[in-house]
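*Asks:* Residue strings, one per chain:
There are 2 protein chains.
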Amino acid sequence: MDNPTLAKPYVIGLDMGGTNSVFGIVDQRGNIVAQTAISTKAYPDINDYVAAAVTALQPIIEEVGGIEKIKAMGIGAPNGNYYNGTIEYAANLVWEGVVPIGKLFQEALGIPCRVTNDANAAALGEMTYGVARGMKNFIMITLGTGVGSGIVVDGKVVYGCDGFAGELGHAIYDRSPEARQCGCGRKGCLETYTSATGVARTARLLLEQSTAPSPLRDLDPEKITSYDVFLAAEKGDQLAKDIFEYTGSILGKACANYALFSSPEAFVFFGGLTKAGHYIMDPIEKAYNEEILNIYKGKAKILVSSLKGSEAAVLGASALGWED
Amino acid sequence: MDNPTLAKPYVIGLDMGGTNSVFGIVDQRGNIVAQTAISTKAYPDINDYVAAAVTALQPIIEEVGGIEKIKAMGIGAPNGNYYNGTIEYAANLVWEGVVPIGKLFQEALGIPCRVTNDANAAALGEMTYGVARGMKNFIMITLGTGVGSGIVVDGKVVYGCDGFAGELGHAIYDRSPEARQCGCGRKGCLETYTSATGVARTARLLLEQSTAPSPLRDLDPEKITSYDVFLAAEKGDQLAKDIFEYTGSILGKACANYALFSSPEAFVFFGGLTKAGHYIMDPIEKAYNEEILNIYKGKAKILVSSLKGSEAAVLGASALGWED
Numbered sequence: 236m237d238n239p240t241l242a243k244p245y246v247i248g249l250d251m252g253g254t255n256s257v258f259g260i261v262d263q264r265g266n267i268v269a270q271t272a273i274s275t276k277a278y279p280d281i282n283d284y285v286a287a288a289v290t291a292l293q294p295i296i297e298e299v300g301g302i303e304k305i306k307a308m309g310i311g312a313p314n315g316n317y318y319n320g321t322i323e324y325a326a327n328l329v330w331e332g333v334v335p336i337g338k339l340f341q342e343a344l345g346i347p348c349r350v351t352n353d354a355n356a357a358a359l360g361e362m363t364y365g366v367a368r369g370m371k372n373f374i375m376i377t378l379g380t381g382v383g384s385g386i387v388v389d390g391k392v393v394y395g396c397d398g399f400a401g402e403l404g405h406a407i408y409d410r411s412p413e414a415r416q417c418g419c420g421r422k423g424c425l426e427t428y429t430s431a432t433g434v435a436r437t438a439r440l441l442l443e444q445s446t447a448p449s450p451l452r453d454l455d456p457e458k459i460t461s462y463d464v465f466l467a468a469e470k471g472d473q474l475a476k477d478i479f480e481y482t483g484s485i486l487g488k489a490c491a492n493y494a495l496f497s498s499p500e501a502f503v504f505f506g507g508l509t510k511a512g513h514y515i516m517d518p519i520e521k522a523y524n525e526e527i528l529n530i531y532k533g534k535a536k537i538l539v540s541s542l543k544g545s546e547a548a549v550l551g552a553s554a555l556g557w558e559d
Numbered sequence: 236m237d238n239p240t241l242a243k244p245y246v247i248g249l250d251m252g253g254t255n256s257v258f259g260i261v262d263q264r265g266n267i268v269a270q271t272a273i274s275t276k277a278y279p280d281i282n283d284y285v286a287a288a289v290t291a292l293q294p295i296i297e298e299v300g301g302i303e304k305i306k307a308m309g310i311g312a313p314n315g316n317y318y319n320g321t322i323e324y325a326a327n328l329v330w331e332g333v334v335p336i337g338k339l340f341q342e343a344l345g346i347p348c349r350v351t352n353d354a355n356a357a358a359l360g361e362m363t364y365g366v367a368r369g370m371k372n373f374i375m376i377t378l379g380t381g382v383g384s385g386i387v388v389d390g391k392v393v394y395g396c397d398g399f400a401g402e403l404g405h406a407i408y409d410r411s412p413e414a415r416q417c418g419c420g421r422k423g424c425l426e427t428y429t430s431a432t433g434v435a436r437t438a439r440l441l442l443e444q445s446t447a448p449s450p451l452r453d454l455d456p457e458k459i460t461s462y463d464v465f466l467a468a469e470k471g472d473q474l475a476k477d478i479f480e481y482t483g484s485i486l487g488k489a490c491a492n493y494a495l496f497s498s499p500e501a502f503v504f505f506g507g508l509t510k511a512g513h514y515i516m517d518p519i520e521k522a523y524n525e526e527i528l529n530i531y532k533g534k535a536k537i538l539v540s541s542l543k544g545s546e547a548a549v550l551g552a553s554a555l556g557w558e559d
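Taken in order, these protein sequences are the chains called A and B.
Mapping of the first sequence onto our numbering: residues 236 to 559, in sequence order.
Mapping of the second sequence onto our numbering: residues 236 to 559, in sequence order.
Don't read these hints as lab results, they were simulated from the structure.
One should not assume that every hint holds.
For chains that are exact copies, the list does not tell them apart, and a pair is met inside one copy or across any two.
[To be verified] Computed list of lysine-lysine pairs in DSS-like fashion (alpha-carbon distance at most 30 Å, straight line):
id, residue 1, residue 2
1, 534, 470
2, 476, 422
3, 391, 306
4, 534, 371
5, 488, 521
6, 304, 470
7, 276, 306
8, 543, 488
9, 510, 306
10, 521, 338
11, 534, 304
12, 543, 521
Keep in mind the model is a prediction, meaning the values are calculated, not measured.
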């Protein structure tokens, strides 16, 4: 898939998680042509981490013809700051404070290196290789342990005054006294309802509130996942369907509020929860269409990421490398 | 205030209201060097309106040295669409459907002519001449009969996929069964609480709910304005202060949600309600600071427009004329 019109036909993408760091060399069409990985948490000194990464990268860089074939590197990391090329106070990483990860890789590899957070990387990935190709205005919603977002306006990710714009998972959805407690210290945030843990909370709640039979009752309530709920829904379980209905309806209404901001062409959903397919996507679309302000009706598509889950994070990070 | 370095040192701003249209010729520093006005509603045919406007403009254009001294014209109009240069289905104007106002003025005057809505014009005005000078990311909130917004990201107004982005007055704030009915057909929109009519609703509500004495009880409840409430607050009336406290607190919390989107340097407030000064601004700031997500704490300023109320709309519209 080498593109002969480009002197530098590849970029490197780094998907940095708390446990592992996955590196991919990616071409313009979004093919990961070579891949490697190292442990993230095994290197309490960031310089050791970068050295280990470079050692792991060396053979796959040679595989594609050497570093002169690589345009740049993109890093998707928790609390990654695009403006500063830093990781700032990331709770799930071994390094404390502010880490100048972009500068360190740039010096070690001799190519430009850009940094952003996971959800922004996901948005870039969709825009570069996925369902948002050609779109100038869309909102990416990532449904994982938390809920992240990456907002694209006029073809660019919105970073705001500090590099940290786009935290729609913490938009307060419910202001009633019964609103759910969020890890951020406040109450009623979207992610308390629509993250993986939010779905599990809803499952426990609905199981308690009803006496309807459900295969979910056979599971340890503290360990129910959205995939368990999906499997139950597939067996025809109404309670499982109600859990997705409840979750999707909240997501749809929340998105109707977000549309007022940037009038996007699409909302693109990514993450484990989207594997529930129509059980979750139909209620999102229904609630969105019911709630959206008249002038925006019928304008935004509700889409699911088209990138393979296992590749999406590396592809997203790599997309940063194509920026000029 | 002629700027000798510019061949075309002026722009025309048109503030189009349902009743009157005010035109100003404006220099780079935001001085309105000449002004004129015509009736908007007196011309049911848009071509007659444009002809009348050009006739009224002729003498003031001559005053500044002729049309060759004027770079462009900017129009702030209800439902003004930046992308198309049109006014689309504006309920308060005499013309129905889609009006190609930009094209008509461009042909009549022979200079570029751009169109946007009132709140976006206000944001451009603040960025060009007002408190947002030098800012790349801020959110303008206009508190009038309705609540409008103009969102600036990376130095540009956010228009979205259709030219109608930025309707934060219709973000649903309250999802409880008691949420207020909005003119848009939905319930709980921000503007049902924080527009001029929203404040009057709050005044009637608090007057009913309490028996505390208040000079506001001497007024016809259907005719109370935010200025009446301000005058009462100035006399030390606690109930009047409570009305602003209630309103400001809602605005502050709503803005804390909007900050998640674009992490702005500032929120800039404009409109009649801001004349209440600290009675409204203090509760906005307090609620904002209490509610804002930790990572954004202390980053956004809460500001009031620095443009004279009577000039702001013309200045805002004129600012469009400086765009390249």
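*Asks:* Work down the list of hints and note, for each, if the structure agrees.
*Replies:* To see whether the hints hold, each was checked on the structure:
1. With identical chains, the CA atoms of residue 534 and residue 470 are never at most 30 Å apart, being 34 Å at best within one copy and 50 Å at best between copies.
2. In the homo-oligomer, the alpha carbons of residue 476 and residue 422 lie at most 30 Å apart both inside one protomer (26 Å) and across protomers (27 Å), since each shortest distance falls under that limit.
3. Taking the shortest alpha-carbon separations for residue 391 and residue 306, both the intra-copy value of 19 Å and the inter-copy value of 29 Å come in at or below 30 Å.
4. For a Cα distance limit of 30 Å, the shortest separation of residue 534 from residue 371 qualifies both inside one copy, at 14 Å, and across copies, at 28 Å.
5. Taking the shortest alpha-carbon separations for residue 488 and residue 521, both the intra-copy value of 9 Å and the inter-copy value of 27 Å come in at or below 30 Å.
6. Taking CA atoms no more than 30 Å apart as the test, residue 304 paired with residue 470 passes in neither setting, with 51 Å inside one copy and 74 Å between copies.
7. Taking the shortest alpha-carbon separations for residue 276 and residue 306, only the intra-copy value of 28 Å comes in at or below 30 Å, while the best inter-copy value is 59 Å.
8. For the identical chains of this complex, residue 543 and residue 488 are intra-copy neighbours only, at 27 Å inside a copy versus 38 Å across copies, given an alpha-carbon limit of 30 Å.
9. When the C-alpha separation of residue 510 and residue 306 is checked against a cutoff of 30 Å, the pair qualifies neither within a copy, at 34 Å, nor between copies, at 54 Å.
10. For the identical chains of this complex, residue 521 and residue 338 are neighbours neither inside a copy (46 Å) nor across copies (39 Å), given an alpha-carbon limit of 30 Å.
11. With identical chains, the CA atoms of residue 534 and residue 304 are never at most 30 Å apart, being 41 Å at best within one copy and 41 Å at best between copies.
12. In this assembly of identical chains, the alpha carbons of residue 543 and residue 521 lie at most 30 Å apart only when taken from the same copy (26 Å versus 45 Å across copies).
The structure shown violates the earlier hints numbered 1, 6, 9, 10, 11.
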